[in-house]
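These protein sequence lines are chains A and B, in that order.
Just so we're aligned: 2 in this note's numbering is position 2 of the first sequence, and the numbers increase by one with no gaps anywhere.
Just so we're aligned: 127 in this note's numbering is position 127 of the second sequence, and the numbers increase by one with no gaps anywhere.
Derived from the structure by calculation, the hints contain no laboratory data.
Just so you know, even glycine gets a beta-carbon here, dropped at the ideal spot from N, CA and C.
It is possible that some hints are incorrect.
[Unchecked claim] Derived Cβ-Cβ restraints for the label pairs, each shown as a range:
hint, chain 1, residue 1, chain 2, residue 2, range
1, A, LEU267, B, PRO88, 48 to 54 Å
2, B, THR141, A, ALA55, 47 to 53 Å
3, A, ALA55, B, LEU28, 41 to 47 Å
4, B, PRO38, A, SER236, 35 to 41 Å
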Amino acid sequence: MSSPRFFDSIPAIGRSALGQVEDTFKVFLMIYLSLRATFRDQAQGLGTVFRVVSAQIYFTGFQALPLVTVMALVVGTLIIMQSSAQLMLFGGSEMIGNLMIIVVVRELAPLLVAIVVVARSGTAVASEIGNMRVNREIEALEAMGIHPLSFIVFPRIVGGIISVLCLAFYFNVIALLGGFLVSSFTHQMNFEFYLDSIAQALDVHDVYVFLLKNTFSGAIIFTVCSYQGLKVQQSSHEVPQATTRAVVNSIGYVMVFNLCVTFIVYLKQLMNLGII
Amino acid sequence: MNMESKLRKSIKSMRFENVSFGFEDRGLLIENNTVEFPMNKNIHLTGPAGAGKTTVLKIIAGLINPEVGKFLINSEDALPMSFEEFLPYRLNIGFSFDYGGLLANRTLFENLMLPLRYHELLSHTSAIERVDQILKDFGLTRNRDARPSAVSGGHRKATIVARAFVTQPEMIIFDQPTTGLDDLAEKALVRYIKEGRDQGWLKHVFIVSQDKELLSHLEVDSFVIFDKKVFSYEEFEKKVIYA
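Looking at chain A on its own, in the form it has when it is part of the complex (with noise of 0.2 Å):
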């Protein structure tokens, strides 16, 4: 016999995918009132939205590269060390480079990048907005006739966008010589074998899934986030549980992105192949 608890939690499970799907819509909703409060307002010159990107670029991006250097080298190091010594094993070493391009610059770089920039900046902005909330700093700027979407929130997102970007093709850049170099002291390798074989992997799909997932992890996690600090109503303590909502959200939103991603491109080359 079900247990009679089971469906007593039938009604609370829907509403949390109700709030889920209403969450998603209202996340979408904002980036088009931001991105329609920028260019209708006709106050905020281009000054006013560049030294705020320029903040958010620096603080998102140049600031993270110390950490991003560091998981670079250790991803490229472990798979490269792994991979070759299997590889070669069977005689494959050739692949390499292919199995580099899959790993890191499809897969690894996207995700650990967004879990990088989320930890560090998507906190920091949903806290931000959240305590600028309580503050009554969001209603300040409208009394000054100021949008707040168009003041806070867009420049946020093309900073995070630019920071996302510019961070995958670092993380990228290191995890495939750094990481190479680093092994190639503990590992034969020959390393113009190496750089040949990643170019040969490397084809113009690889740029496209790159900019995909990287623009919209940017574009999820900035926007994902700022909206959670906007939800911030009336006191200090909901701003902790705010910033967690955008971590949970955005990290679970940019997952489900590059799985779709990847799947449309694994389809795709399946239907190149004519097994599909």
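Once you've looked at the hints, dock chain B against the given chain A.
What follows is chain B alone, placed relative to chain A:
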């Protein structure tokens, strides 16, 4: 015509028609109110704590929208207006919050510069001159380059009050402006209201305050918020006190 007047629309009349507003957790604060606010006056809103005085001020400033009724400015309903459509009126309204409202990551000087430079109401040099003069008059020059968290509560309050004057709007709304203000800043507040009127840029003032000394310096028309209704003082006498 300078930029200040190009962007702004003058406010000639202001009226609530059957306006109701409340918060989810507190129920209706004002219900089915129809009231015409007299223009070119100092309007003092009074009433018991929690009656909805700040709410009425925020409706007038366009910061909250009532669910029911019409808020007519110059006979135009402001409630369905988008942010951009309401902007020309908003630029003619200065708002002084009862607490909070200063941007934490900007200095006191930058907080006052923001509305002037964002809307390019004045050239950079003229904006600096005006802001420095206001900071001086309100006794804030010493903390000009400090952030709000680094100054005393009185100076934060003085900055909020001073910011309401900085764009020289036609209407200024003060919510408890003298709480925590020192003598110098309080005198500056009264002087700026009087000078604004004399110079012709300030026309309408809405004020919520229990400070009898401040009110004694201003000729005020009182409105009372009582039992979810906004009354002129004469109406309040007729309908509530002597009813």
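Do the hints match the structure? See the list:
Checked against the given bound of 48 to 54 Å, the beta carbons of LEU267 of chain A and PRO88 of chain B, roughly 53 Å apart, stay inside it. The hint said 47 to 53 Å for the Cβ distance between THR141 of chain B and ALA55 of chain A, and at roughly 27 Å that hint is violated. At roughly 43 Å, the beta-carbon separation of ALA55 of chain A and LEU28 of chain B lies within the given 41 to 47 Å, and the hint holds. PRO38 of chain B and SER236 of chain A have their C-beta atoms about 40 Å apart, which keeps the hinted 35 to 41 Å range intact.
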